[in-house]
Each structure stands twice: as structure tokens, then as C-alpha cells.
Amino acid sequence: MTQFIDLTLSGISNGAIYAAVALALVLIWRATRIVNFAQGAMLMITTYIAAALVEAGNPYWLALVVAVAAGLVFGALTELVLIRRVESAPPINAVIVTLGLLVFLEALAGMIWSDTPRAFPAAFSIQGYEVGHTRILFSPNSTFIVCVVALVALALGALFRYTSLGLKLRAAAFAPEVARLLGVRVGRMFTIGWALAAGVGALAGALVAPSTFVGPSNFDPILIFAFTAAVLGGLESPLGAIVGGVLIGLVLSYVSGYEGEALAPLAALAMLLLTLMLRPTGIFAASRERRV
Amino acid sequence: MRALARVGAVRAAVVVLLAALAFGAVSSLVGEYRDLQLADGAYYFAALIGLSVLIGFGGKISLGHGAFMAVGAYAVALLVADEHWPLVGALAAATAVSALVGAVLGAAASRLQGPYLAGVTLTLAVALPQIGNRFPETLGGENGLVIDPPAPPSFLGSSFPPQRYLAWIAGLGALAALFFIYNMTRSGAGRALRAVRDDEVAAALCGCHVGRTQTVAFVLSAACAGLGGGLATVVLQLAQPGAFPLELSLRIFAAAVIGGVGSLWGAFWAAALLVLLPNWSHDIAQSLSLSGNVAANLPLAIYGVMLIVAMLLWPGGIQAGLRQLSGLLKRAYSSRHSVTQSNPAK
Amino acid sequence: MLEVQDLVCEYGAIRALDGVSLQAAAGSVTAVLGANGAGKTTLLRAISGLKRPRAGRVALDGREITAAGVEEIVRLGLLHVPEGRGVIAELTVAENLRLGALARGARRGDGIEAIYELFPPLRARRSEPAASLSGGERQMLSIGRALMAAPKALLLDEPSLGLAPLIVAQIMGLVRELCEERRIAVLLVEQNARSALSIADHALVLDLGHVVASETPEQLAREHELLHAYLGY
Ligand SMILES: Nc1ncnc2c1ncn2[C@@H]1O[C@H](COP(=O)(O)OP(=O)(O)OP(=O)(O)O)[C@@H](O)[C@H]1O
Ligand SMILES: [Mg+2]
Numbered sequence: 001m002t003q004f005i006d007l008t009l010s011g012i013s014n015g016a017i018y019a020a021v022a023l024a025l026v027l028i029w030r031a032t033r034i035v036n037f038a039q040g041a042m043l044m045i046t047t048y049i050a051a052a053l054v055e056a057g058n059p060y061w062l063a064l065v066v067a068v069a070a071g072l073v074f075g076a077l078t079e080l081v082l083i084r085r086v087e088s089a090p091p092i093n094a095v096i097v098t099l100g101l102l103v104f105l106e107a108l109a110g111m112i113w114s115d116t117p118r119a120f121p122a123a124f125s126i127q128g129y130e131v132g133h134t135r136i137l138f139s140p141n142s143t144f145i146v147c148v149v150a151l152v153a154l155a156l157g158a159l160f161r162y163t164s165l166g167l168k169l170r171a172a173a174f175a176p177e178v179a180r181l182l183g184v185r186v187g188r189m190f191t192i193g194w195a196l197a198a199g200v201g202a203l204a205g206a207l208v209a210p211s212t213f214v215g216p217s218n219f220d221p222i223l224i225f226a227f228t229a230a231v232l233g234g235l236e237s238p239l240g241a242i243v244g245g246v247l248i249g250l251v252l253s254y255v256s257g258y259e260g261e262a263l264a265p266l267a268a269l270a271m272l273l274l275t276l277m278l279r280p281t282g283i284f285a286a287s288r289e290r291r292v
Numbered sequence: 293m294r295a296l297a298r299v300g301a302v303r304a305a306v307v308v309l310l311a312a313l314a315f316g317a318v319s320s321l322v323g324e325y326r327d328l329q330l331a332d333g334a335y336y337f338a339a340l341i342g343l344s345v346l347i348g349f350g351g352k353i354s355l356g357h358g359a360f361m362a363v364g365a366y367a368v369a370l371l372v373a374d375e376h377w378p379l380v381g382a383l384a385a386a387t388a389v390s391a392l393v394g395a396v397l398g399a400a401a402s403r404l405q406g407p408y409l410a411g412v413t414l415t416l417a418v419a420l421p422q423i424g425n426r427f428p429e430t431l432g433g434e435n436g437l438v439i440d441p442p443a444p445p446s447f448l449g450s451s452f453p454p455q456r457y458l459a460w461i462a463g464l465g466a467l468a469a470l471f472f473i474y475n476m477t478r479s480g481a482g483r484a485l486r487a488v489r490d491d492e493v494a495a496a497l498c499g500c501h502v503g504r505t506q507t508v509a510f511v512l513s514a515a516c517a518g519l520g521g522g523l524a525t526v527v528l529q530l531a532q533p534g535a536f537p538l539e540l541s542l543r544i545f546a547a548a549v550i551g552g553v554g555s556l557w558g559a560f561w562a563a564a565l566l567v568l569l570p571n572w573s574h575d576i577a578q579s580l581s582l583s584g585n586v587a588a589n590l591p592l593a594i595y596g597v598m599l600i601v602a603m604l605l606w607p608g609g610i611q612a613g614l615r616q617l618s619g620l621l622k623r624a625y626s627s628r629h630s631v632t633q634s635n636p637a638k
Numbered sequence: 639m640l641e642v643q644d645l646v647c648e649y650g651a652i653r654a655l656d657g658v659s660l661q662a663a664a665g666s667v668t669a670v671l672g673a674n675g676a677g678k679t680t681l682l683r684a685i686s687g688l689k690r691p692r693a694g695r696v697a698l699d700g701r702e703i704t705a706a707g708v709e710e711i712v713r714l715g716l717l718h719v720p721e722g723r724g725v726i727a728e729l730t731v732a733e734n735l736r737l738g739a740l741a742r743g744a745r746r747g748d749g750i751e752a753i754y755e756l757f758p759p760l761r762a763r764r765s766e767p768a769a770s771l772s773g774g775e776r777q778m779l780s781i782g783r784a785l786m787a788a789p790k791a792l793l794l795d796e797p798s799l800g801l802a803p804l805i806v807a808q809i810m811g812l813v814r815e816l817c818e819e820r821r822i823a824v825l826l827v828e829q830n831a832r833s834a835l836s837i838a839d840h841a842l843v844l845d846l847g848h849v850v851a852s853e854t855p856e857q858l859a860r861e862h863e864l865l866h867a868y869l870g871y
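Residue numbers (the numbering used here), protein chains in the order written: chain A, 1 to 292; chain B, 293 to 638; chain C, 639 to 871.
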């Protein structure tokens, strides 16, 4: 029983990470109809930047802020320099570009920082809280992770729902041409969308790094778990990404706890296949448009 | 219709025969080291050729071909080492097993548009090699499974180099894959695949089963990759999780795209690239005296840059590019003809 | 005042507009009629900047906008309501309207009440996604959204498409009223020649990218052969 509770708790804090990265994937998918397979590699680079700053003796919080800022810039540049050029091409081209970026960034990181993973500090203690006489698998740092991700999700929700920028972002994503006819600078909205997504991803990377370590391919599993979460939530729906992320976090936590960590990616694959076979539009599919 | 199919099969047989002659000639001219490279190239070719058709004709992306190779590799290792199956049987079984895995994934993913197949196969590529670690008793854990090197049969003579024998086995396997896929691209299935890629709705209206066509292509390509993996086990006499990381799948994918998808020659160039690029980048790194980290990651960086550059410089896409090219060739051909025809009029 | 001079537009080898000129004064309705493929939609797209013309010029209130970007043209007060209405189905009715206000640079949804006064059915549905609206309500929404931008010129592409005659009459009446009240130059593209002519000050007939007639509705109504040849009367 205690193991079950422990696994549930650690599943929630891991799930928060997957939710954040899934959110990044969904933001980009909604804006430009591309699954950004380079998302994991992009957050790997920003986390390396944070790690380098910490190693150079800077405070953790500075490193965190710089990582997120680097993510914002990185996302915007990626859209401006790479994605914009393949926008009018068949979608397969954009996917291949993100894959090329994934491969290139992993190689680049290996060249600069070597293939050996390095440690990354946590913001708060990773010692579990003491409840009664036992330590549970939920630490002050887990609280921090869950709260940060929840805050970011709420902030993004508010941005999209209540601000003019959010309205323009959504309009550009749903109907680019109509949005242009209403004066929305659609290209700029896409750039902002990519920047926001990469910023959220960078934050998630820095949050998860204390447990995964920082290495060129250490965030590959995060990407596939987040993809699974996003598909589970419907790929269209930010709320679905959050719920999907937590669900995946829980399932993977139970699987790794009871069956061994090596099976976690396989469990993700099984969930992905089940979702695609039973409910390909995800659990949070938007209602169908009325035809007139 | 049947006569047509027979003509197609004859043509495929001729192509395969020519390829076999070329392969045999090259292999008897080169030394042991090159023989091993030939063997590497041959199993890569088997893994690539189906993928190339899937991307080029099917318009679908698979990032899991390294994983299918792993399936085939472990199948051969288990059957040969534990069950003492003959090589041919083990290779056939390996092909069948990976086809089965491909069918499970393909049924779920290729009904669907967009990025799902890429994501599913990416997940497979991360997930599958881990299984070896989870079941160390049967699959050997980190160290993997070892098989005995196949001995050249006596009729080849006692001095026949074992490396050349390995190259020949891998070469035969690659030729089998070539025969398979060549036939498919020339058949109705190949046409249906192209029709589906160009316009799913229109193809469906004309009676093509969109989902089924794409699933078939995916399963065939998975089967060929399994065969390639099985051949890799034979050549290396080893199947281990570390040999099939996500990076392998990405490298295979990148090489397929760079080599040129949708054509058998594209798969050939891709296999050559996979074998030769590590050597070249080693030479480059040495002549520039690059550091160890840079040298180790140079091939991967080259793949990444080439993928991006190919897409940016060729924004019409692989498919459009191919069509452009074939259009150009056709025009060149017909203009030559019209010149000869219009000459007498003048 | 919207002026178009000798506009030429091509799609590859197809010449969709071949020297089209027109003038639409503030407070007047100019009807653009023509069969399918005559080039009506292309004309509107070229004016609003969605399609680069090969030659010719477009001016709004004396200011040349031929080479301007779509967003800039919108900011200058030219609004294009596209074919098929172009409501953003995923956004709510109120959000669609707010988007119109953003086009004129207004921060909030000021003026939204006035639109609800004009189109009462929209008020009741304001927080529902536009996907749930009927065809007539969608047309109201897309016109209302353009009005939120306080346009100087309004391009309407087949607003009557797929609507019941009663609704068409209502919408046409409203367009006429708004045009006069707010001094908007309206360019009204229609297949439904009868209802368009009923509110137009001036009518243009396009055929294969050429203007084959440019006159008042009364004159046009007398030219039975022309009407028959190009509009199927
Ligand atoms: N995107 C495009 N690419 C190529 N040709 C086009 C394109 N859009 C329009 N055309 C061609 O330009 C010509 C004019 O089309 P346009 O859409 O302007 O006609 P229309 O008068 O609006 O017709 P309808 O009444 O059917 O809406 C047609 O021959 C059409 O085929
Ligand atoms: Mg039209």
C-alpha cells in the first residue's frame, strides 16, 4: 500500500513534467500543424546552458531564468529561420526539418559538452517529506515542480483566454487566412507560439534535469512520454495535454515501480497504440463543427 | 493482368541478377576489410529499401526501423544460438516476426494522418531495445546474445575467406529484399500507394483502400528492416541492446532521406552513406585534428545538417522533387525524340 | 472611395482578371456580378492584398494600397468578408467580434453592444462557439465582425450563398442601411443578381476577367440579352 502511494506521488510530479512538455508540443501543433520532434533536443540545449551557468558558480535561480529566456529565443529563431521556409511545403518536410534539428542538436551537445551526462541541482531538497515515521516519495522539490507547472498552465490559459494577444494567437492558429483578413500578423503569431512553447519546454527541462541528468540523449524519453500525453489529450487541447501528462506520469510510475524501469517506454507505446485504436481524437477531442 | 505481373517478375529477376553479378564481382576484387564493409552495406540496404519506398511512395515517416532491425537481430540470435535453426530459416523467421510487429503498429498508425506514425515509431525506437535489459536470462541483458560465425561450405574451397562468405550471405539477403520491394513498386500496390500519397480522398473515391495500402507498405518495410537486422546479427555474430539505440533509427531515416527516397538507387546511396560516412568523418576529424568529442559526433551532425539543408533547398518536398526530376528526364527524352522526328520535315 | 484601375491577376497561365477598373464611392453599394469562374473572388482578393496583382493599381481614399500587406490594408479600413463567411468556428461569437475590434486597434470589445443591437440573435449566442451557429447567423457574425473594425470599405463575397430568400432580403436591407448610415463603400459580389441589384447603386458584370458591363441597375435590368448571356436570366 505504501508503495502504491509512493508511486502515485512520484507519478504526479513526473507527470507534471510530461504535461509541461506535452503543452509545448500542443502549442506548436495548434499554431503550425507540426509536431516538434526537436522539442526534447531544444530543452536539452537550454538545460545544458543552465548547467553551465550553475557550474560557473551562478545562482540556481539565475540559471533557471536564463534557460527559459534562451528557450524563448531559441523557439522564435527556429520558427523564423527553419520552419517558416517549409510552411508552404507538404507537412512531411516540416517534420523532417524538426528531425534534422533533433539529430543536429544532439550531436552539437555531444561536441560541446561530451556525451557523458552531468548532474544538475534541484531548487529545493529532494529528500521526501516525513509522514508519521516514513519518508514518502514526494519532496519539497516535487511540490515546487507541480506548483510551477500548474502556475505556467494557468498563466498560459489566462493568456489565451483573456488577452488580445491570446485571441490573435488562437485566431492565427485556427484560421490563418481569416485572421490575416482581420489584420492579425499571422507570421508573428506563429513565431510567438514557437517561442512560448520552447520557453515552457526549457522550464520543464530544468525541472526534470536533477533526476534525468543532463546528456545529449537523456531527454529522448521525455519527448516520447510527452508525445504520448499530447496524443492522449487530443493533440489539440492544452487542457488535454495537462491531464494526459499526469495520466502518463501515473501509469509509467506504476509500470516502472512494479515491473521495472526498462518497460516504461514500452508502456508508453502501448498507451499510444491503445489511444490511436480506441479514440484517435484523444480524450479531450474538440466537439465536431456543425456543418451548414 | 497475370501476364503483366509475370513480365514484372521477370524484370525484377533480371534486376536482381544484375545486382548479384555486380555484388559478386566487387566482392571478389576487394580485400577482407572491404568485404566486411560490403556486408555492412548489404544489411543496411535491406533495412533501407522498404523505408525508402514507405517515405517516397507512401509519404509516411518511420523512425522505428532501427527497432525493427533489433527485432530481426534478436530473432536470428535466439533461433540460431538456442534452437540451432539453419540460417535461412532463422532469417525468414526474423523477417516474419518484424512484419508482425510492423502490422500491429501499422494498423494503429497508418489509418491516421499526419505525425502519428512518426511519433509511434519514435516511441518504438526508444522502447524496444530496452526489452533486452528487462529479460537478461533469455535476451542476455547488456551483453546481448552471441552466435557462432557461419562457416563457408566446403564447395567454396578451403581457402575461401570467411569475411567474403559473410558478405555473400548479407548480399543475398539484400537481393531478396530488393526483389520483394522492386516487385511491389511495379505492381498495383505500388501505384495505389502513390495515388494514396498524392490525394487520400481521391484515391479512396477511386476504390483504393487508403489505410490498407499504407499498412501494407509499412509492414513490408518493417519486414525488410527485420531481415536487415537478422543479417546484421549474422555479420557481427552479436545482437545487443547497445547496437540499436534511437540514434540508429535516426541515422537510417536520415540516410534514406538524403540518399533520395522512393527509388531503389536512393536506398543504394543511403546504404553507401551509412557505411562510408563514419570513415570519412574520421578522416576529416584527423586531418583537422578535432577533439575526441567533436570527432565522435561529427557523423551525426552531418546527418542533421544534411536533412535540414535538403528540406530547405528543396521546399517542394521529396515527392515534388522526384516528380520534377522525372519530368525533366522525360522532357529531355522526348525533346531528343522530337528533334529526330522534326529533322526530316526541314 | 475605393478605386481600382486596370487590375490584372494571373494564376500561373490562367489570367483571372484582365484589366478590371471600378470606382466605389463612400455610402454606395457596387454590385459585382458574373458566372462561376468570372474572377469575382479574385478581384476581392487582389483588392484586399491576399493576391498580388500582375499589373494595375488599387487606391483607398486616394492612397495607393496595391503593394501594401493585408494587415496594413485592414488597418487602413478596408475589410474583406471572404467567401464561405470565414467565421472562426473554434472561437466564440463574442471572440470573433472582438477580433474585429482589434483590427481597428481598439483594445477591448467596445462597440460590441451596437453589433448585438443590429443582430439580436448574436447576443443570445455570444458565449457559444461560432461552430454552433446557423448559416444565416454566421453571415451576420462575419458582417458584424467586419463592422467592429469601423470600415471605410467593405468587400462582401457572396453573402447570400446558401441562405433562405427571407434571410437574404434581410441581410441585403441591412447592408444598404449600414452603407448609407456609416458612409461605407461596399463592394458586393453576388451570384444572386436580383437581390444584389435591388440594393446596388452601380453594377459591374464580369466575364472571364473582363468587365462586360458597368452601369446602373436600372440600365442593366433593361439589357435582357446581357443578363441572359452572363447571368442566366
Ligand atoms: N488558387 C487558384 N489557383 C489557380 N486558379 C485559380 C485559383 N483561384 C481561382 N482560380 C481561377 O481563376 C478564375 C477566377 O476564379 P474566381 O474564384 O475569381 O471566380 P469567381 O467569379 O469567384 O467564381 P465563383 O462564382 O465560382 O466563386 C477561375 O478560372 C479559377 O479557376
Ligand atoms: Mg468566388
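There's no promise every hint is true.
Okay, the calculated bits of chain A under chain B, using three or more residues with CB under 8 Å as the criterion [unchecked claim]:
| hint | region |
| --- | --- |
| 1 | 76-87 |
| 2 | 95-102 |
| 3 | 156-168 |
Among the chain C residues that face chain A by a calculated CB cut under 8 Å, a handful are [to be verified]:
| hint | residue |
| --- | --- |
| 4 | GLY694 |
| 5 | ARG695 |
| 6 | LEU698 |
| 7 | ASP699 |
| 8 | GLY715 |
| 9 | HIS718 |
| 10 | GLY724 |
| 11 | THR730 |
| 12 | LEU737 |
| 13 | ALA741 |
| 14 | LEU799 |
| 15 | ILE837 |
Calculated directly from the structure, the hints in this document are not laboratory data.
For each residue, glycine too, the CB sits at the ideal point set by N, CA and C.
Cross-check of the supplied hints:
Three residues within the 8 Å Cβ limit are the bar, and the region 76-87 of chain A against chain B gives 3, so the coverage statement holds. Counting residues of the region 95-102 of chain A whose C-beta lies closer than 8 Å to any C-beta of chain B gives 7; at least three are required, and the coverage claim holds. With 0 residues having a Cβ less than 8 Å from any Cβ of chain B, the region 156-168 of chain A misses the three-residue criterion, and the hint is violated. Because the beta carbon of GLY694 of chain C sits about 21 Å from the nearest beta carbon in chain A, more than 8 Å, this interface hint is broken.
Nearest Cβ of chain A to the Cβ of ARG695 of chain C: about 21 Å, over the 8 Å cut. The hint is violated. For LEU698 of chain C, the interface hint is violated, the least distance from its beta-carbon to any beta-carbon of chain A being 14 Å, above 8 Å. Here the hint on ASP699 of chain C is broken, as its CB sits about 17 Å from the closest CB of chain A, past 8 Å. Restraint check, GLY715 of chain C versus chain A: the minimum CB separation of about 10 Å is more than 8 Å; hint violated.
Contact between HIS718 of chain C and chain A, as hinted, is supported at the beta carbon level, the nearest pair being about 5 Å apart and thus within 8 Å. Interface restraint check: GLY724 of chain C against chain A, minimum CB-CB distance 4 Å, threshold 8 Å, status holds. Taken as an interface hint, THR730 of chain C does not check out: its beta carbon lies about 10 Å from the nearest beta carbon of chain A, beyond 8 Å. Residue-level restraint check for LEU737 of chain C holds (minimum Cβ-Cβ distance to chain A is 5 Å; threshold 8 Å).
At about 4 Å, the closest approach between the beta carbon of ALA741 of chain C and any beta carbon in chain A falls short of 8 Å, and the interface hint on this residue holds. Checking LEU799 of chain C against chain A by beta carbon gives a least distance of about 11 Å; that is not within 8 Å, so the hint is violated. Using the Cβ-Cβ criterion of 8 Å, the hint placing ILE837 of chain C at the interface with chain A is not satisfied: the shortest such distance is roughly 23 Å.
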